[in-house]
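Turn these sequences into a full structure, and let the hints guide you.
Number of protein chains: 2
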Amino acid sequence: MTDNQDLGITESKEYNTGEWYAEVVQKAGLANYAPEGMSGFIVTRPRGYALWEAVQSYLDEKFKATEVQNAYFPLFIPESYLEREKDIVEGFDPEVAWVTHGGHNELEERLAVRPTSESIIAPYMSQWVRSHRDLPLRVNQWASVVRWEATDTKPFFRTKEFLWQEGHTAHADKEDAWEETMLRLDQYESAYEDLLAIPVLRGQKPDHDKFPGADTTTTVEALMPDGKSVQGATSHHLGTSFAEAFDITYSDEDEEDRNAHTTSWGFSWRSIGALIMTHSDDQGLVLPPTVAPTQVVVVPIWQEENQEKVLDYAGSVADDLENAGIRVELDDRDERNPGFKFNEHELNGVPVRLEIGPNEVDDEEVTVVHRPDGESTVEARAEIAETVESHFDEVYAKLYAAAEENVEENVRDAFARSEILGTIGQHGGYVRAPWCGEEACETEIKDQISAEIVMVPFPDDEEKQLDLDDHDECAICGESSEETAYFAKSY
Amino acid sequence: MTDNQDLGITESKEYNTGEWYAEVVQKAGLANYAPEGMSGFIVTRPRGYALWEAVQSYLDEKFKATEVQNAYFPLFIPESYLEREKDIVEGFDPEVAWVTHGGHNELEERLAVRPTSESIIAPYMSQWVRSHRDLPLRVNQWASVVRWEATDTKPFFRTKEFLWQEGHTAHADKEDAWEETMLRLDQYESAYEDLLAIPVLRGQKPDHDKFPGADTTTTVEALMPDGKSVQGATSHHLGTSFAEAFDITYSDEDEEDRNAHTTSWGFSWRSIGALIMTHSDDQGLVLPPTVAPTQVVVVPIWQEENQEKVLDYAGSVADDLENAGIRVELDDRDERNPGFKFNEHELNGVPVRLEIGPNEVDDEEVTVVHRPDGESTVEARAEIAETVESHFDEVYAKLYAAAEENVEENVRDAFARSEILGTIGQHGGYVRAPWCGEEACETEIKDQISAEIVMVPFPDDEEKQLDLDDHDECAICGESSEETAYFAKSY
Ligand SMILES: [Zn+2]
Ligand SMILES: [Zn+2]
Chain E
1 MTDNQDLGIT ESKEYNTGEW YAEVVQKAGL ANYAPEGMSG FIVTRPRGYA
51 LWEAVQSYLD EKFKATEVQN AYFPLFIPES YLEREKDIVE GFDPEVAWVT
101 HGGHNELEER LAVRPTSESI IAPYMSQWVR SHRDLPLRVN QWASVVRWEA
151 TDTKPFFRTK EFLWQEGHTA HADKEDAWEE TMLRLDQYES AYEDLLAIPV
201 LRGQKPDHDK FPGADTTTTV EALMPDGKSV QGATSHHLGT SFAEAFDITY
251 SDEDEEDRNA HTTSWGFSWR SIGALIMTHS DDQGLVLPPT VAPTQVVVVP
301 IWQEENQEKV LDYAGSVADD LENAGIRVEL DDRDERNPGF KFNEHELNGV
351 PVRLEIGPNE VDDEEVTVVH RPDGESTVEA RAEIAETVES HFDEVYAKLY
401 AAAEENVEEN VRDAFARSEI LGTIGQHGGY VRAPWCGEEA CETEIKDQIS
451 AEIVMVPFPD DEEKQLDLDD HDECAICGES SEETAYFAKS Y
Chain S
1 MTDNQDLGIT ESKEYNTGEW YAEVVQKAGL ANYAPEGMSG FIVTRPRGYA
51 LWEAVQSYLD EKFKATEVQN AYFPLFIPES YLEREKDIVE GFDPEVAWVT
101 HGGHNELEER LAVRPTSESI IAPYMSQWVR SHRDLPLRVN QWASVVRWEA
151 TDTKPFFRTK EFLWQEGHTA HADKEDAWEE TMLRLDQYES AYEDLLAIPV
201 LRGQKPDHDK FPGADTTTTV EALMPDGKSV QGATSHHLGT SFAEAFDITY
251 SDEDEEDRNA HTTSWGFSWR SIGALIMTHS DDQGLVLPPT VAPTQVVVVP
301 IWQEENQEKV LDYAGSVADD LENAGIRVEL DDRDERNPGF KFNEHELNGV
351 PVRLEIGPNE VDDEEVTVVH RPDGESTVEA RAEIAETVES HFDEVYAKLY
401 AAAEENVEEN VRDAFARSEI LGTIGQHGGY VRAPWCGEEA CETEIKDQIS
451 AEIVMVPFPD DEEKQLDLDD HDECAICGES SEETAYFAKS Y
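Sequences listed follow chains E and S, in order.
In case it helps, my numbering puts the first sequence at residues 1 to 491.
In case it helps, my numbering puts the second sequence at residues 1 to 491.
Because the hints were derived from the structure by calculation, they are not lab data.
Treat the hints with care, as some may be off.
With a cut-off of at most 30 Å between alpha-carbon atoms, the simulated BS3-like pairs for lysine-lysine come out as follows [to be verified]: (1) S:LYS154 - S:LYS210; (2) S:LYS27 - E:LYS64; (3) S:LYS64 - E:LYS64; (4) S:LYS13 - S:LYS446; (5) S:LYS62 - S:LYS154; (6) E:LYS489 - E:LYS154; (7) E:LYS341 - E:LYS27; (8) S:LYS464 - S:LYS446; (9) S:LYS154 - S:LYS446; (10) S:LYS210 - S:LYS489; (11) S:LYS64 - E:LYS27; (12) E:LYS174 - E:LYS64; (13) S:LYS210 - S:LYS228; (14) E:LYS64 - S:LYS62; (15) S:LYS64 - E:LYS62; (16) S:LYS27 - S:LYS13; (17) E:LYS62 - E:LYS398; (18) E:LYS154 - E:LYS341; (19) E:LYS489 - E:LYS398; (20) E:LYS64 - S:LYS341; (21) S:LYS64 - E:LYS341; (22) E:LYS62 - S:LYS62; (23) E:LYS489 - E:LYS446; (24) S:LYS398 - S:LYS464.
Stretches of chain E that chain S covers, calculated by requiring three or more beta carbons in the stretch to come under 8 Å of a beta carbon on chain S [what the hints assert, rightly or not]: (25) 38-46; (26) 49-57; (27) 60-72; (28) 75-84; (29) 94-108; (30) 111-123.
C-beta: ideal position from N, C-alpha, C; glycine also.
The structure is reproduced here in structure tokens:
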């Protein structure tokens with residue numbers, strides 16, 4: 001029993017979400033906390049890193065298919081560079097880790113460990129862009145960044161060092177830059193919805209919450225089961241502000257000098273946090289087959305008298321799956337019983353389990369069990385790879401449907417301050433309200449219940465908007481309402 | 001003319017190797033130097049980073065096919081951790097970049113930016129290894145590391161920050177660990193010989209030049225055209241020294257506690273430096289088709305009266321190549337003449353060029369030109385993808401043969417100190433000499449001509465060894481010779 005308790009999840013997702021999350025991350029072998037003296041850092045173990053590799057490979061392929069080239073910029077940024085874009089340094093200064101010594105010598109100028117790379121990438125874009133023929137210019141970097149936040153660590157969601165990609169592009173005009181901004185937002189949405197089985201809401205941040213210097217910050221937001229929103233990824237239309245600050249200019253077809261229009265967009269391993277949080281349960285990790293390092297485990301169940309035939313049959317099933325390119329594990333360990341194995345693979349989030357005992361062998365069948373809900377089906381042995389693939393699709397659809405239901409049930413409307421506060425207090429989730437556009441009105445809500453405006457729908461996204469003709473007063477101050485604001489508590 | 005001089009290479013590979021190399025790196029768009037205040041760092045541009053991605057993908061696939069799992073450890077290492085393995089800290093202390101402040105606060109304990117990760121990975125391996133069933137354990141990390149060397153920067157060869165992978169494994173016994181060490185050395189050798197077209201010499205480092213704490217440090221060495229050797233990659237058999245220092249123990253089948261045997265192995269972007277240095281020439285970058293971001297460029301050559309038919313034909317050739325999975329570029333720019341385009345693609349290292357003019361169209365042919373030597377062949381339009389693939393093989397073979405000839409001609413024997421000095425002084429390259437095994441004898445050579453023992457052949461590698469029965473005296477001190485030492489100047 002002690003052994004089982006050590007291995008299994010003891011916290012409740014519903015009642016102790018934070019503790020439960022931390023337990024899943026550790027017991028499913030996704031990450032460990034870093035050593036003493038390094039609070040806020042994590043060690044990402046192979047099962048956790050494989051999830052990041054899956055995301056990385058999905059997005060990297062999409063980026064390359066749309067003319068993005070990868071590059072690599074230095075880990076450090078001189079303080080004077082960081083200061084060159086004052087808006088940025090105001091944003092990041094308190095969060096920067098500073099290198100002051102190289103070997104035994106103090107540096108003349110201290111170096112920031114990159115909190116983001118705008119301020120070192122932009123000066124090089126300035127060098128590389130000369131003529132309109134050099135545009136659009138698109139570079140992307142996969143890297144780790146450091147932000148010295150003092151808050152509690154939550155692996156993947158909030159860590160002082162995190163892995164991400166940052167894309168930076170320059171364009172001849174505003175329309176091209178806007179198209180780019182939206183293309184990257186589409187790709188981020190696709191990573192959530194088509195790879196991670198997490199539906200997201202797209203929109204833009206209120207003006208007071210934009211990336212410093214940006215014209216528009218766009219976002220995809222995901223609703224977690226505890227009713228809080230996660231900012232899934234952001235794509236910024238920067239206008240000409242970075243081009244002006246860093247002299248990113250080009251000569252157009254008439255040899256006139258013009259400012260380029262730039263964008264930047266980033267996707268981090270916070271997505272892995274959202275993935276774990278969304279689908280997992282009190283038995284442990286749950287993963288969609290798209291990203292699971294092991295997609296299916298074959299568990300043979302034998303007694304001594306039928307050991308050979310069961311193991312042979314299970315082995316041939318596993319071979320068929322492997323040959324079809326499926327990530328399969330054959331768990332033929334002798335020292336563990338089937339129940340132990342079931343628990344372990346459930347904890348580790350293997351999406352599909354095949355059980356094979358003597359009956360399955362005799363009937364030329366396999367028993368297929370879905371991780372998310374335990375649903376069990378008996379299937380023919382023939383064409384097992386196709387069968388398993390279609391079970392992957394079913395599992396994916398179940399996970400997506402559950403997450404979608406959570407979002408759909410948790411967008412509520414409110415037309416008065418008390419309604420906003422009451423609804424978020426009682427249900428969490430998103431509250432849509434007519435809003436005047438003033439930060440002060442958000443502040444009132446934030447001060448009272450720590451909820452903020454996580455998203456404002458795009459002007460042409462009518463489905464997400466309230467009818468402002470019917471609701472023409474800001475829910476908080478009563479002034480004229482300009483937009484529909486989505487309020488939520490947020491990670 | 002000014003324009004052409006700006007674009008083209010002006011230095012000579014033979015007479016000014018260092019300046020020539022720096023010029024190729026910059027003019028072929030591989031890397032830029034980092035900003036002022038960050039000497040020793042580089043900005044890796046897309047064409048340069050694509051080379052690293054090619055190496056990374058080649059090795060990563062080999063690693064995963066041989067049971068290696070990727071993980072990610074923190075960028076920083078607490079000073080106390082670095083000190084725990086005294087041998088390591090003595091090795092790296094003067095080269096460490098130190099983070100002393102997070103935001104506005106001084107840290108209680110300063111943090112090293114990882115110069116290598118043994119000292120943070122080993123304590124986690126200690127946690128993860130409990131029983132013999134947990135072995136072998138293999139983790140690998142792709143990351144950037146920082147070593148604050150004061151020497152001149154040479155992009156990719158010597159930079160304060162560089163990209164690499166470091167693999168760390170634990171095994172039940174010495175034999176397994178040794179097999180692992182050699183498996184990784186084999187994979188490194190294959191990356192050089194089968195991907196980068198660079199033949200290497202394999203062997204081990206002299207005892208006094210091993211990785212601190214290692215039983216054996218194995219290496220692959222590549223000879224550069226200027227007669228200097230590059231340590232291409234190293235794979236270390238660490239014995240039980242790290243297991244003892246970091247308590248990596250396991251209970252064996254009889255429940256006895258035992259020390260694990262560990263290995264570590266690393267491959268860095270220095271390989272990209274060796275690649276550029278080995279094959280390139282006074283026209284610019286030369287790359288094998290295996291790693292070239294653009295493998296073949298199609299250059300249509302037209303006059304106004306045949307423009308349409310030439311462009312259509314060239315476009316259909318490019319389409320065929322692209323559909324066959326070849327990385328092809330169609331250079332149909334109107335504003336540049338063919339000569340300019342030829343120069344530019346030569347500078348950028350495109351391995352094969354297809355020239356298509358009206359004659360080629362009429363005869364249903366294409367002209368194929370090899371970058372390394374300008375060899376030109378007329379080939380049939382039909383089955384162009386297969387034809388181009390076979391030209392890729394020819395180009396690869398030419399590059400490999402030239403590099404191999406360089407090595408074969410530059411291994412010379414010497415049996416006296418003056419002979420060692422004279423031969424290296426006159427020819428560079430490798431000098432094989434009988435050696436007593438004492439560091440002092442190497443020091444004598446080092447002091448006089450800056451050459452060192454870069455490699456000692458493995459005991460069973462007879463082909464690389466001198467007959468020590470015939471040459472039983474150390475070439476330097478005259479004491480009994482124990483080994484064959486390869487002396488060379490080295491990067
Ligand atoms: Zn208001
Ligand atoms: Zn000697």
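Open item on the list: Check whether the Cα positions of E:LYS154 and E:LYS341 lie no farther apart than 30 Å.
Closed with: This hinted pair holds, its Cα atoms lying about 29 Å apart.
Open item on the list: Can you confirm whether the C-alpha distance between E:LYS489 and E:LYS398 stays at or below 30 Å?
Closed with: OK: E:LYS489 and E:LYS398 at ~26 Å, within 30 Å.
Open item on the list: Using C-beta distances, would you say chain S covers the stretch 75-84 of chain E, given that this needs three or more residues below 8 Å?
Closed with: holds (count 5)
Open item on the list: For S:LYS64 and E:LYS341, compute the direct alpha-carbon distance and say whether it is at most 30 Å.
Closed with: holds, 24 Å
Open item on the list: Please check whether the stretch 111-123 of chain E has three or more residues whose CB lies within less than 8 Å of a CB on chain S.
Closed with: Three-residue rule met by the stretch 111-123 of chain E, so holds; n is 4.
Task: Given hint E:LYS64 paired with S:LYS27 - CA-CA distance at most 30 Å - done: Judged against 30 Å, a Cα distance of about 24 Å means the pair holds.
Open item on the list: Tell me if the straight-line CA distance from S:LYS464 to S:LYS446 falls inside 30 Å.
Closed with: holds, 22 Å
Task: Hinted pair S:LYS13 and S:LYS446, Cα distance within 30 Å - done: Given pair S:LYS13, S:LYS446 holds - Cα atoms ~26 Å apart, limit 30 Å.
Open item on the list: Can you confirm whether the C-alpha distance between S:LYS398 and S:LYS464 stays at or below 30 Å?
Closed with: Given pair S:LYS398, S:LYS464 holds - Cα atoms ~24 Å apart, limit 30 Å.
Open item on the list: For E:LYS64 and S:LYS341, compute the direct alpha-carbon distance and say whether it is at most 30 Å.
Closed with: holds, 24 Å
Task: Distance restraint between E:LYS62 and E:LYS398, which requires alpha-carbon spacing of 30 Å or less - done: Roughly 25 Å between the alpha carbons, so the hint for E:LYS62 and E:LYS398 holds.
TODO: Given the hint that S:LYS27 pairs with S:LYS13, test it: the Cα-Cα distance must not exceed 30 Å.
DONE: With Cα atoms ~14 Å apart, S:LYS27 and S:LYS13 stay inside 30 Å; holds.
Consistency with the previously given hints is maintained throughout, with no hint failing.
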